[in-house]
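One line per chain: the protein sequences are S and R, in this order. Going by the numbering used here, the first residue of the first sequence is number 1, and it counts up by one from there. Going by the numbering used here, the first residue of the second sequence is number 1, and it counts up by one from there.
No wet-lab data here; the hints were simulated from the structure. Glycine is no exception: its CB is placed at the ideal position from the N, C-alpha and C atoms. There could be a bad hint or two in this list.
[Said to hold, decoys possible] If we take Cβ atoms under 10 Å as the criterion, some of the chain S residues that face chain R in the derived model are:
| # | residue |
| --- | --- |
| 1 | 8 |
| 2 | 16 |
| 3 | 38 |
| 4 | 39 |
| 5 | 52 |
| 6 | 60 |
| 7 | 62 |
| 8 | 76 |
| 9 | 125 |
| 10 | 141 |
| 11 | 163 |
| 12 | 167 |
| 13 | 168 |
| 14 | 186 |
Spelled out, the chains give:
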Amino acid sequence: MNARERVLSAVRSATHGAGDPDIVRQYRTELDPTELGEHSDIVDLFVERVDDYRAEVHVIASSELALRLGQILGEHKVRSLVVPADIDARWLSTTHARLVRDAPDVTAAQLDEVDAVVTGCAVAVAVTGTIVLDGGPIQGRRIISLVPDLHVCVVPVSAIVGSVPEAVGRLDGTRPLTWISGPSATSDIELDRVEGVHGPRTLVVLVVR
Amino acid sequence: MSSRQLSRTDHVGLHPKPGEAFLGMPPFPQAAHVALGDDQLRRNLGHATSTIRTKRLRAVGEVPDWEELRLAGASIKDHTLANLDRYLIEFEAAATAAGATVHWAADAEEACAIGVAIARSHNTSEVVKVKSMATQEIELNEALAAAGIDAWETDLAELIVQLGGDTPSHFLVPAIHRNRNEIADIFRDRMAEVGRPAPDDLTAEPRRLAEAARLHLREKFLRAKVAFSGANFAVAETGTLVVVESEGNGRMCLTLPEVLVSVVGIEKIVPSFADLEVFLQLLPRSSTAERMNPYTTMWTGVTPGDGPQEVHVILLDNGRTRALADRVGRQALRCIRCSACLNVCPVYERVGGHAYGSVYPGPIGAILNPLLHGVSDPHDAALPFASSLCGACYEACPVAIDIPTVLIEQRAEAVREKAGHPGPPDPERLGMQAAGWAFGKAQRLNRLQRLAARFRGVASRIRWLPGLLGGWTRYRAMPEIPQESFRRWWSERGSGRSGLDTVDASADLLDQRRSSSERSQRPPQRRSSTEQGQPPPQRRSSSERSERVETSEETEQ
Chain S
1 MNARERVLSA VRSATHGAGD PDIVRQYRTE LDPTELGEHS DIVDLFVERV
51 DDYRAEVHVI ASSELALRLG QILGEHKVRS LVVPADIDAR WLSTTHARLV
101 RDAPDVTAAQ LDEVDAVVTG CAVAVAVTGT IVLDGGPIQG RRIISLVPDL
151 HVCVVPVSAI VGSVPEAVGR LDGTRPLTWI SGPSATSDIE LDRVEGVHGP
201 RTLVVLVVR
Chain R
1 MSSRQLSRTD HVGLHPKPGE AFLGMPPFPQ AAHVALGDDQ LRRNLGHATS
51 TIRTKRLRAV GEVPDWEELR LAGASIKDHT LANLDRYLIE FEAAATAAGA
101 TVHWAADAEE ACAIGVAIAR SHNTSEVVKV KSMATQEIEL NEALAAAGID
151 AWETDLAELI VQLGGDTPSH FLVPAIHRNR NEIADIFRDR MAEVGRPAPD
201 DLTAEPRRLA EAARLHLREK FLRAKVAFSG ANFAVAETGT LVVVESEGNG
251 RMCLTLPEVL VSVVGIEKIV PSFADLEVFL QLLPRSSTAE RMNPYTTMWT
301 GVTPGDGPQE VHVILLDNGR TRALADRVGR QALRCIRCSA CLNVCPVYER
351 VGGHAYGSVY PGPIGAILNP LLHGVSDPHD AALPFASSLC GACYEACPVA
401 IDIPTVLIEQ RAEAVREKAG HPGPPDPERL GMQAAGWAFG KAQRLNRLQR
451 LAARFRGVAS RIRWLPGLLG GWTRYRAMPE IPQESFRRWW SERGSGRSGL
501 DTVDASADLL DQRRSSSERS QRPPQRRSST EQGQPPPQRR SSSERSERVE
551 TSEETEQ
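Next comes chain S alone, as it looks inside the complex (with noise of 0.2 Å):
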């Protein structure tokens, strides 16, 4: 018998007479009201929960997206920026940075050595403050988010959502997902948050109405 049988039966062998337990699924899938606090809407309390994770976060019109992502490339000193393939062409009018294209073919040596990234997202979570990333338009790559130091996400407000539940209805299990919650962070050291280890060390989200 091989180790598959051999798992199987003795799982079978165990669970025998265990029954069915039936799943019991009482809880909220959408935002109860008083998530919302004092909060006018999801955009706001989203917002508000980027902030606590203490990413630099930008409300802004979707006509001002070009200036503002040149100021803050600006802000932040970025010399060489790497973006999806897919990216709008006039998000970047105002940008001066040296530009990398993602393609199958720029490796991790080679993004170590460019600034920061800019990548839309697939949906966001406002409770949580999350963005999350599935590999769709305007993404790119998994690692071209991961290894540059600054991370600027744009999200649109028909991307955010209210509660986990609902970002989840929304993806599509099989892409592969990339959940962010604020810049890289560690509790490792007496349980003091830092923020900034291995992942981008700051992270710009730029929402969009």
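Got chain S sorted already, so can you dock chain R onto it with the hints?
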């Protein structure tokens, strides 16, 4: 407090080295005694656990449907475990269809052999690792080392533990037993031996320590060909694996190398992708007390052009089916390794993780180890007793594992196991036999009680008892022997009054000892635990209650 001072070399015995993993460790009672004498350890632990307890209550209190989520989490796991064969096969089919290679391992040896063979087939002399309980449990690093392959731990705390040459003492913050100055020393002394040295001007500031780890590990991430990970969840429906982390070292390992090998305990399965909506709420708030952890990665087999192009999954039993066969204990397999039970446990808070002698410490370890291995080993047999049964762990558990009930069941099993193997005369067993004899007949008990009452004066002066009984007198005064037994008092006064009056009278007596606020809040059967002369409590949170209970453990039992 013990007067014994530990020198630095004593830490070797207390913090076991990997490889000889816990083999030289004494069973829990002795190990706990040594740990209690280590003031530094107790300070580090006390600070860390009290910080995280407070934060967790806040993070959990924010969620209006927390109890409903707990119930869902517990029931999803119970349902999955009861149908585990079906879901394992479904997972295997979905993961395989998505391009992963699924392996099965009945025990640690088989799992390590598969992992080593994969690493060898790529002619690599080193691999990077994401922190994983399963790979620690099977001692994968040691197996790789024996094959001439270095396994680099990339989690900051695991790096501290690995460079410091000891073993983790907590699931979530494995270096919780080290403070910042000790960590800075370890980095200065050891980083250069295995790669990029620590910066010359390294200080003990956490930010600087984290940066030193970032620089040290970055070169390893960039050149690694093979990575090993565990998984927090494995989705049967889609074949998806999930890793929940904070630092980004997980993303590095799961994204950069060409080959990814994940060791996944068979209890990690959840039926559908939608079930993650429950666990992604329960886990971060229970473990790091955050609304969400910084990074969660989900991958399904191979994504062409993105991430590792060769993906392996090793499904691991290693005692899990043994635990699954235990009707009461199988609920321990619901565990999502959040470590909330460690942080609220009054025993863990004082002795730390190493005293448990296993990669799974704390309350969950106290039940999981005997379930995985049985209680024939003295280490595992001692663990069900490493608890005051205060119940704080059950209250904190996000999947509602009733740890105290399982502990009691296992204590019974440990006693049965011992009874089945008669050894040298054992004072505990003799004492129990004597008690059995005394309580066997009412008249006999009566006579013995009268006899005992004659020694009241002597007993009240006893300050010290020998042997097993010394465990009582070391920390407590001898209980007073009453002038007459309850049975005698009852029979003498019972003739003149009705039974009902008598009950009321004794209830009044109890009431006088309690404050009025207490009476309105606690059910009558809990009264005994409050008669310790403590101030009248106002509304209590669960953590405050757990602290109270630990001061009155005898009455809770």
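Evaluation of the provided hints:
| no. | hint | in the structure |
| --- | --- | --- |
| 1 | 8 | holds, 5 Å |
| 2 | 16 | holds, 9 Å |
| 3 | 38 | violated, 14 Å |
| 4 | 39 | violated, 14 Å |
| 5 | 52 | holds, 8 Å |
| 6 | 60 | violated, 24 Å |
| 7 | 62 | violated, 27 Å |
| 8 | 76 | violated, 18 Å |
| 9 | 125 | holds, 7 Å |
| 10 | 141 | holds, 4 Å |
| 11 | 163 | holds, 8 Å |
| 12 | 167 | holds, 8 Å |
| 13 | 168 | holds, 4 Å |
| 14 | 186 | holds, 5 Å |
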